[in-house]
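**Q** Sequence:
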Amino acid sequence: MKNLNKKLIIAVIIELTVLVSSLILNSSYFLLCILAVSLTNSIAIILLLKHKPKYYRFAIVGLFLFSLLPVLLALYLVNQIHG
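Numbering that gives the first Met the number 0 numbers the first residue of the sequence shown as 0 and each following residue consecutively.
Hints in this document: simulated from the structure, not taken from any laboratory.
It should be emphasised that the depicted structure is a prediction, and the values quoted were computed from it without experimental measurement.
You may find that some hints are simply not true.
[Claimed, not checked] Okay, the calculated beta carbon distance ranges per label pair:
hint, residue 1, residue 2, range
1, S37, V77, 29 to 37 Å
2, V77, Y54, 29 to 37 Å
3, I80, Y55, 35 to 43 Å
4, P52, L76, 32 to 40 Å
5, H81, L3, 20 to 28 Å
6, I80, K51, 40 to 48 Å
Glycine included, every Cβ here is placed at the ideal spot set by N, Cα and C.
Produce the entire structure from the sequences given, and follow the hints as far as they go.
**A** Here's what the structure looks like:
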């Protein structure tokens, strides 16, 4: 269980790092950012489904909602560019 928690924490840290770096780089690689975040979330969800810890369904829903963050950010940036 500790190994799973470490892997999930690493996945979330990678995801946040990619998001922050894309913002710092003025979102020039934003599609790559969305791809990386989606891949990281997929890996985290697969780990949760494999190990099935207590309340893993809530964690999967949370990861799915967290994956919507870059999409919402992309919509906001497109709105700022065209608006």
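**Q** Does each hint hold? Answer for all of them.
**A** How the hints compare with the structure:
{"no.": "1", "hint": "S37 <-> V77: 29 to 37 Å", "verdict": "violated (18 Å)"}
{"no.": "2", "hint": "V77 <-> Y54: 29 to 37 Å", "verdict": "holds (36 Å)"}
{"no.": "3", "hint": "I80 <-> Y55: 35 to 43 Å", "verdict": "holds (39 Å)"}
{"no.": "4", "hint": "P52 <-> L76: 32 to 40 Å", "verdict": "holds (35 Å)"}
{"no.": "5", "hint": "H81 <-> L3: 20 to 28 Å", "verdict": "violated (43 Å)"}
{"no.": "6", "hint": "I80 <-> K51: 40 to 48 Å", "verdict": "holds (43 Å)"}
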